[in-house]
Amino acid sequence: MEMPAPDPKILSRKQLIVERLLSVLPEDAVIHDPAETRAYECDALTAYKCPPMAAVLPSSTEEVSAVLKICHEEGVPVVPRGSGTSLAGGALPTADSIILGVARLNQVLETDYENRFIRVQSGRTNLSVTGAVEEHGFFYAPDPSSQLACAIAGNIAMNSGGAHCLKYGVTTNNLMGVKMVLMDGTIVDIGGPWLDSGGLDLLGLISGSEGQLGVVTEATLRILHKPEGARPVLIGFDSNEVAGQCVSDIIRAGILPVAIEFMDRPCIRATEAFAHPGYPDCEALLIVEVEGSEAEIDEQLAVIKEIARRHNPVELRESGSPEESAKIWLGRKSAFGAMGQINDYMCLDGTIPVSELPYVLKRIGEMSKEYGLDVGNVFHAGDGNMHPLILYDANKPGDLETCEAFGADILKLCVEVGGCLTGEHGVGIEKRDLMVAQYTPDDLELQMRVKDVFDPKWLLNPAKVFPLEATESRRAA
Amino acid sequence: MMRPESEEELAALVAGAEGPLRVIGGGTRPIGRPVAGETLSVSRLAGVTLYEPGALTLVVKAGTPVREVEAVLAAEGQRLPFEPMDHRVLLGTEGEPTIGGVVAGNVSGPRRIQVGACRDFLLGVRFVSGEGKVIKSGGRVMKNVTGYDLVKLMAGSWGTLGVLTEVSFKVLAMPQAEATLIRRGQDAGAAVASLSAALGSPYDVSGAAHVTAGVMEDEALTLVRVEGMAESVRYRAGRLGEGWELVEDGQSAALWRRLRDVEPFAARPGAVWRVSVKPTDGPVLTDNLLAEGLEHAAIHDWGGGLVWLLVEEEGDAGAALIRRQTAALGGHATLIRGSEELRARVPVFEPLSAPLAALSRGLKQKFDPRGILNPGLMGV
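Sequence order for the protein chains is E and S. Under the working numbering, think of the first position of the first sequence as 8, with each following residue one higher. Under the working numbering, think of the first position of the second sequence as 2, with each following residue one higher.
Keep in mind that a hint or two might mislead.
Simulated pairs of lysine to any residue, SDA-like, Cα-Cα distance not exceeding 25 angstroms [what the hints assert, rightly or not]:
no., chain 1, residue 1, chain 2, residue 2
1, E, K419, S, P35
2, S, K137, E, P463
3, S, K137, E, K233
4, E, K419, S, K137
5, E, K174, S, A76
6, E, K21, E, P58
7, S, K367, E, A415
8, E, K174, S, G78
9, E, K174, S, R362
10, E, K312, S, P356
11, S, K367, E, S30
12, S, K367, E, A477
13, S, K134, E, G192
14, S, K137, E, A477
15, E, K174, S, S354
16, S, K134, E, S30
17, S, K137, E, A415
18, S, K134, E, D449
19, E, K16, E, S30
20, E, K464, S, R362
21, E, K174, E, E313
22, S, K134, E, A477
23, E, K233, S, S197
24, E, K174, S, P21
25, S, K137, E, E423
26, E, K464, S, G363
27, E, K76, S, P356
28, E, K312, E, P284
29, S, K134, E, P448
30, E, K76, S, S354
31, E, K464, S, V60
32, S, K367, E, G192
33, E, K419, S, R80
34, E, K174, S, K134
35, S, K367, E, T447
36, E, K464, S, E132
Derived by calculation from the structure, the hints in this document are not laboratory data.
From just these sequences and the hints, can you work out the full model?
See below:
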C-alpha cells in the first residue's frame, strides 16, 4: 500500500514542532521519543505500519483546538485516533504526521433519561456508554463487535454499525450532536439534544467522514430503553440459496428481527472447532433474534419458525433459556477469533442487495479456488453487510498480496451486483484505490470538494478514503 | 417552465442555464425565502426504478408522486416509515407532492420520534450539481460507509445543492394493528412528562403528542401511539396507559394523519412555525413565549421536541422572540407558513453560528459555483 512520502521540511522541524506542542499540553501528553511513538504505528489493520513523528493525548476540547492550530500553522498532517481498532487503516500515520489520540477524553458529561440522550467525550468506549446508562434500563444501540475497545470518536468517523442495526440503525441514526474542532482550531457545535438540522445536515456529513473533516471531542447520543427481553433462534440449511430465501421471506412477512446473522460452512466448522457452540454441520446457518415481552417474542418467533419450516431446515433450535441464547451467540461472536486461530485473515465488509446473496457466495467460492485461499463468510444478512474472512499466511512471501487481490475482486463483485465496498468498516487506506470501482471522477471530485471546505490544506487524516492520484494536486497545494 | 424528461436532459439544462433556477417537484411546499428564476420541474422524471420487498428496498425517480410511491408500497404491505407530511393541507397548495420534494425538505412526520427522519431511511441519491454534472452518492443497500455521506447532506438541502433525479429508500412493513392512548386535560408540562415516560419505556411508542386545549378539541389531548402485531399492540397499550382512553386502527390512523399534516391549523389564519427543541424544553418554550407576550396556539409532537406554533402574521410573526428562545434553550425554528412578503423579510431557517454559516456557504459554493440553484432559499 503506497503512502505519500514524508515531507522532509516537516521532519527537519520536528524539535520546534514538539516544543510548540509542549507549550500547550502537559509533558506526559506529548509523545515524541521514537521508541514510544511506535505504539501508534498502526491500527487493527496490522499489515501496514509507520510510526508518526509524534503523538499527542489532549484532555480537553481547548487542548485539541490548540494542537490543531499549531499543526495548521506549521503545515503538519494530523491523524485523529480513537482506540485504534480500525480494520481499514483509518488511523495509519505517515512519518511526518502527528497522531491526535482522544483516549483521555473519556468522561460522561450529561445523562438525561427524560429526554433520552447522553453526552460524552469522544474517547469514551462504545460499551462504556451503555455501561453509564444501563443501571436505569437504557442502552446505546450501535454495537460494533469491537465495542469493548472502540471509541465513540472512531464510531462517528466510520459511521459504525453492528449486529443489531437492522432495527436500530447505525451511528449516524443515533448521533444527535457533536462538538468538533476544525483543522484551524475553530470549535463548532453541530446539533444537540433535539432532532434534525435547522440548515444543511452537517452532522450527517460528519458521520462517516473518517476523521477528515474535523476532530470530534464530544457527542450527544440517543439512548433507548432496553426491550423487556430477547430470544434467538438458530436455523440450519443445506444450501446458501435456501437460507437467503428464508431471510427474504422473514422480512417480507413484516417481521423486523433485531438481528439476522448468517454463517457459511467454513465459518461454522471453524467456530465449532474453536468455541464448541454445538452448531449443526450444515451449509448455512442463520441466527435470528427478536425482542419484546415473552408473549411478543412467542408471537414473532411463531411466524419465523413457520417460515423456516417451509424451507426444510436441517436444524431449528429455539433458545429456551439465557444459557442457550448465550450458546447460540457464542459461535457467531467467536467467529473472527476462530478464523484467526487457523491463520492470519483479512476481513472485508462489502454490502450487497440481499437478493444477490446466493450468487455472491457462489462466486466467492469459485474465486477462493482460483486464488488458492480459503474464505469463511459471516455476516449481517438482514442488511446484506457481508464479512468474508480470507485466510492467508503473513509469513509466506506473496500471500498477503494474493489475499489483497482476492479481496479487491470480492469488493468489485459487491459493487457489480448493486452493493458497495464497505458497509461499516470504512474506506481508510484499505479500499482507497477501489473507490473508482464505485464512483465516477465527478462523484469523487464533489466529495473531495467537501473536504476542501472543512480542511482546505488537506492536513487531516492524509491519504485515506480517496485514491492517492486523485488527491495529489490537493495535497501538494 | 422547464420539465425535462430524462436525467441527461436535466443535466444539459442546468449546465446551459444562464440565470437562476427555481427548482421544484410538485410545487406543493413553498417553503423558504422566495426564489426568483426560471422554474425547473422534475415532475416528468417519474416512475419506480426498482422495488424489492424482500430486501426492504425501493428506488424511484425524484418526480414520482408520493401517492404513487405509497400505493406501490401498500400493495406489498409496506410503507415509508418516516410518515411524510402532506403540506397541501397546512399551506393550502394544490398539485401533486413528489418524493423528491419529500427528500429535499427532509419531510418527516410523527413517527420520526421512534424510527428516524426521512434522511435516516434514504439510502442513496442521484442528482445534478450546479455545474450540470450527474452525481451519485450512497446506493440501494442499507449499510454503506463508502466515501462521504452526501445522501444526508442532500436531504433537507431544499434543492440548493443539486437537483435530485433519483432516490432510494429503506422501507418497512405496515403493522398489523395500531392503537392510540388518549388522556384529556393535561397541561403541556404534565403531558410531556407522560410522553417522556412512555418514550423511555420498552414499549416502542411510535407517536407521542400533546395538543393544547381548543386546538383539536375543547380539552387538551395527550396522545400515545403503538403499532405492531395485534397481540403485542394490545399488550403494550395495556402496559402504557392504564386508565387512558383507547382508540384503535382506523380511528387511530385518522388522528395521526391530522397531526402529521398539522390539520388543526389549516383553516386558521396566521403564520406557522416549526420549532425543534429538547422535548422537556417544548413547554418551557411556549410558556416563555406567552410571558413575552407572543399569543399563539401550539401542537407538541415528538414527545414535546417538535412544537408547531400558530401566531399572528404581523410584524416579524414572532421571529425575534421565537429565535431568542431557540438560542437560549438550544434548537431551531423554521417558518413553514407565511406570505411571500414575510418569507422575504424574515429568515425562514434558523440563523447559524458564524463558523457553521461559513461551512454551509462553502458547501453551496462547491456544489453550485454559479449560485444558480434555488439561490437564497435557505438564506445561505
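Each hint, compared with the structure:
Taking the CA atoms of K419 (chain E) and P35 (chain S), the gap is near 45 angstroms; set against the 25 angstroms cutoff, the hint is violated. Pair hint K137 (chain S) plus P463 (chain E) holds up; C-alpha atoms about 23 angstroms apart against a cutoff of 25 angstroms. At most 25 angstroms may separate the alpha-carbon atoms for a hinted pair to count; K137 (chain S) and K233 (chain E) exceed this at roughly 37 angstroms. With a C-alpha separation of about 17 angstroms, the suggested pair K419 (chain E) and K137 (chain S) falls inside the 25 angstroms cut-off, and the hint holds.
Between K174 (chain E) and A76 (chain S), the direct Cα distance comes to roughly 23 angstroms. Compliance with the 25 angstroms bound is thereby established for this hinted pair. Proposed proximity of K21 (chain E) and P58 (chain E) is supported: the alpha carbons are some 14 angstroms apart, at most 25 angstroms. Restraint check for K367 (chain S) and A415 (chain E): the C-alpha separation of about 32 angstroms exceeds 25 angstroms, so the hint is violated. For a cut-off of 25 angstroms, the pair hint linking K174 (chain E) to G78 (chain S) stands: about 18 angstroms separates their Cα positions.
With a C-alpha separation of about 35 angstroms, the suggested pair K174 (chain E) and R362 (chain S) falls outside the 25 angstroms cut-off, and the hint is violated. With a CA separation close to 55 angstroms, the supplied pair K312 (chain E) and P356 (chain S) exceeds the 25 angstroms bound. Under the criterion of a C-alpha separation no larger than 25 angstroms, the hint pairing K367 (chain S) with S30 (chain E) is inconsistent with the structure, at around 37 angstroms. Only pairs whose Cα atoms come within 25 angstroms are accepted, and K367 (chain S) paired with A477 (chain E) is accepted, the gap being roughly 17 angstroms.
Using a Cα cut-off of 25 angstroms, the hinted pair K134 (chain S) and G192 (chain E) is violated, with the two alpha carbons roughly 34 angstroms apart. Restraint check: the Cα-Cα separation between K137 (chain S) and A477 (chain E) comes to about 18 angstroms, which is no more than 25 angstroms; the hinted pair holds. Only pairs whose Cα atoms come within 25 angstroms are accepted, and K174 (chain E) paired with S354 (chain S) is rejected, the gap being roughly 35 angstroms. Our distance criterion of 25 angstroms between C-alpha atoms is broken by K134 (chain S) and S30 (chain E), whose separation comes to about 48 angstroms.
A threshold of 25 angstroms between alpha carbons decides the hint, and for K137 (chain S) with A415 (chain E) the separation of about 22 angstroms falls inside it, so the pair holds. Among the hinted pairs, K134 (chain S) with D449 (chain E) is consistent with the structure: their alpha-carbon atoms are about 7 angstroms apart, no more than 25 angstroms. With a C-alpha separation of about 21 angstroms, the suggested pair K16 (chain E) and S30 (chain E) falls inside the 25 angstroms cut-off, and the hint holds. Our distance criterion of 25 angstroms between C-alpha atoms is met by K464 (chain E) and R362 (chain S), whose separation comes to about 18 angstroms.
Only pairs whose Cα atoms come within 25 angstroms are accepted, and K174 (chain E) paired with E313 (chain E) is accepted, the gap being roughly 21 angstroms. For the suggested pair K134 (chain S) and A477 (chain E), the alpha carbons sit about 18 angstroms apart, so the restraint of at most 25 angstroms is met. For a cut-off of 25 angstroms, the pair hint linking K233 (chain E) to S197 (chain S) stands: about 15 angstroms separates their Cα positions. A threshold of 25 angstroms between alpha carbons decides the hint, and for K174 (chain E) with P21 (chain S) the separation of about 42 angstroms lies outside it, so the pair is violated.
Of the pairs offered as hints, the one joining K137 (chain S) and E423 (chain E) holds, with about 15 angstroms between alpha carbons and a cut-off of 25 angstroms not exceeded. Between K464 (chain E) and G363 (chain S), the direct Cα distance comes to roughly 14 angstroms. Compliance with the 25 angstroms bound is thereby established for this hinted pair. Under the criterion of a C-alpha separation no larger than 25 angstroms, the hint pairing K76 (chain E) with P356 (chain S) is consistent with the structure, at around 15 angstroms. Proximity of K312 (chain E) to P284 (chain E) is assessed by CA-CA distance (about 21 angstroms); at most 25 angstroms being required, the pair is judged to hold.
Only pairs whose Cα atoms come within 25 angstroms are accepted, and K134 (chain S) paired with P448 (chain E) is accepted, the gap being roughly 11 angstroms. Among the hinted pairs, K76 (chain E) with S354 (chain S) is consistent with the structure: their alpha-carbon atoms are about 20 angstroms apart, no more than 25 angstroms. Restraint check: the Cα-Cα separation between K464 (chain E) and V60 (chain S) comes to about 37 angstroms, which exceeds 25 angstroms; the hinted pair is violated. The suggested pairing of K367 (chain S) with G192 (chain E) holds, with an alpha-carbon distance near 22 angstroms, which does not exceed 25 angstroms.
A hinted pair counts as satisfied when its Cα atoms are at most 25 angstroms apart, and K419 (chain E) with R80 (chain S) does not qualify at roughly 32 angstroms. Restraint check for K174 (chain E) and K134 (chain S): the C-alpha separation of about 35 angstroms exceeds 25 angstroms, so the hint is violated. Pair hint K367 (chain S) plus T447 (chain E) holds up; C-alpha atoms about 17 angstroms apart against a cutoff of 25 angstroms. Annotation: proposed proximity of K464 (chain E) to E132 (chain S) holds, straight-line Cα distance about 24 angstroms (limit 25 angstroms).
Of the numbered hints stated above, those contradicted by the structure are hints 1, 3, 7, 9, 10, 11, 13, 15, 16, 24, 31, 33, 34, listed in ascending order.
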